[in-house]
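S.K.: So the sequences go chain by chain: A, B and C. For the first sequence, my numbering gives the first residue as 1, with consecutive numbering after it. For the second sequence, my numbering gives the first residue as 258, with consecutive numbering after it. For the third sequence, my numbering gives the first residue as 515, with consecutive numbering after it.
Derived by calculation from the structure, the hints in this document are not laboratory data. The reader is advised that the hints may include incorrect statements.
List of simulated lysine to any residue pairs, SDA-like, C-alpha gap at most 25 Å [unchecked claim]:
| id | chain 1 | residue 1 | chain 2 | residue 2 |
| --- | --- | --- | --- | --- |
| 1 | C | Lys-707 | B | Ser-377 |
| 2 | A | Lys-245 | C | Pro-552 |
| 3 | B | Lys-374 | C | Tyr-598 |
| 4 | A | Lys-75 | B | Asp-494 |
| 5 | A | Lys-251 | A | Pro-38 |
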Amino acid sequence: VTLLTDFGTVDWFVGVMKGVIATIAPTSSIVDLTHQIPPGDIRAGAFALTASCRFFPRGTVHVAVVDPGVGSDRKAIAVQTADYLFVGPDNGVLSWALQRESIRSIHALENKARFLKPLSRTFHGRDIFAPVAAHLSRGLAIEKLGPDRNDFVRLEWPQIRRTERTVRGEIIYVDRFGNVITNLDAATLSASKGTRAHVFTRGKRLCPLAPFYQSVGRDKPVGVLGSSGFLEIAVNDGNASKQLKLGVGSKVEVRFQ
Amino acid sequence: VTLLTDFGTVDWFVGVMKGVIATIAPTSSIVDLTHQIPPGDIRAGAFALTASCRFFPRGTVHVAVVDPGVGSDRKAIAVQTADYLFVGPDNGVLSWALQRESIRSIHALENKARFLKPLSRTFHGRDIFAPVAAHLSRGLAIEKLGPDRNDFVRLEWPQIRRTERTVRGEIIYVDRFGNVITNLDAATLSASKGTRAHVFTRGKRLCPLAPFYQSVGRDKPVGVLGSSGFLEIAVNDGNASKQLKLGVGSKVEVRFQ
Amino acid sequence: VTLLTDFGTVDWFVGVMKGVIATIAPTSSIVDLTHQIPPGDIRAGAFALTASCRFFPRGTVHVAVVDPGVGSDRKAIAVQTADYLFVGPDNGVLSWALQRESIRSIHALENKARFLKPLSRTFHGRDIFAPVAAHLSRGLAIEKLGPDRNDFVRLEWPQIRRTERTVRGEIIYVDRFGNVITNLDAATLSASKGTRAHVFTRGKRLCPLAPFYQSVGRDKPVGVLGSSGFLEIAVNDGNASKQLKLGVGSKVEVRFQ
């Protein structure tokens, strides 16, 4: 079972989710993806899940709880894919990861027999998502959780515009090192013609595309195809986000020669 | 075994506690409740333990180390309750959780054969509490750890004052989302008469009591019975502590109509 | 398997390392030493590993990834010692720990069959160190990873100068509580003559050496032999680093009487 939340690590919220899982499924192992998604930032959670879910063994249950609408009428879902199970609120946080998987079935979480009792209005991570994930990790059939659904809420992926020699996208995530990650993946970039490429921001040439951070001098910016499979802009031995004033939503263009 | 400390996650202190436990009890699983209790804040640690300990399986060993008096003459204890074992310094950090449990026996930790050697004066989390918890998780009888004791140090629970239609308490914890949690639990509130209620602070009406955060408009304050079983004040999609200038110790009154 | 990195806990980087390990070695347990080494601070990582590695069971695989040169031509190594295995970049991060162990063999990590495919240029923690550690934890012979090497890159230990009644060293680490840890260990101090000692900084007497933090009054500084086995300077119930303006590199002298 993996856990991805915006609960932080200051309080006991993640700890009690693990207690609930351990009570139901004592032999399941639990791995934290991250609990420091900015509070309520569904897109950051969706991207973190996309970047990490495929590095886990087949059969892993991925739980993502970034859930600003907890207690309202938003739905909760579990999704079976060819390789994994995904559990979370149906608010889009699962959607970017699911769009890269082969989906087998989608179920609404409505069978209260699999929830914690009493069910709180404010902490479904503990009361719904943790027990459901624990039951799934023990082998409970997904259809026992609630009725079939045809689809799930999808977040829009930031628009990509392309000409023969340019690709435009935007920054989708800033990591701990200040590297800024764009929505342009390897397939998107390799579809363009040209052997050399440069990254442009605000209409000005910023840096070359290169194989790794040290391809440029210290304190110089560089575009690399990062470990998550997306173009990222880094400053060698520096913090690209701060030094270049780039953040989520900043537009980026790659021009090939 | 659960671990709750004020050691933070920046240094290696929690890691070595886990190493000590794994050396003695290789098959015991370890869950972090939190390690970010403010340094030395016994009351915050006591509340976090109270809010989380009951979500773990029977037989769990709960270790709480918020221990500003480490190395002085404060005692260390292990307590057997009907469902759990608790281990920590006898400075009150265990007391609020223990007062909600059915206590079977209390033992001073004095049997040095169960401690790490050499025993440091500054890190009993590693040298006393981790090995003792590991031995208990392997089934060591609690009376092997040291002599029986009659009682433990109790922190005072902040005073609750009640009239027929009002209940007064105070804020006891601020969580990562800025929600402020009071010392008024469900039983205390339900003993009052009245179908509608409002929360007052500094003598002024602040907000209604409602079933969940979205019961009020965005950026509006609301009182809800939170997931820990205590009244909390939140701002829908905001940070109650910052926006309402409420912190630990702030007085709160609930008036029923 | 223990993990020590500068990846932080905000992103998913540590989570995917654990996913990679769980895929290869599902029954190996993983313990976090810390992931909050300051980005690229090889010396802080080296000290954290030194202070913690010996508290783990024999056979533990210690992985340390503080790797500002990832993607460049720095080497990667695995080292077998009498009690442990160490895995990481050959940039010195392992060196202070290794110098206290009894080394059996050193191997370069060159057998790409044991790496993740495709191998990224930016995230060897996930693509090289995690899978190699997982294979070692399952019992793979270390010589399968690559050719023997004679030595590893060694960080210089800050200089210690000694006269009959004085020892000079410097601060090497600041912990979460603001305690400042020096490079002077128990053996170094006990070699000096004198029954009483004082710590001097900037040529002025700062505080006595004493057995524990509470040996002095509240808010007073004190030198203690800390839990990691090194002299540290603390302020009782305070933050020594901030209050005394001491940080990594500050010079410290102990004078015995």
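S.K.: Going through the numbered hints above, which ones does this structure break? Give me the numbers in ascending order.
M.R.: The structure breaks none of the hints.
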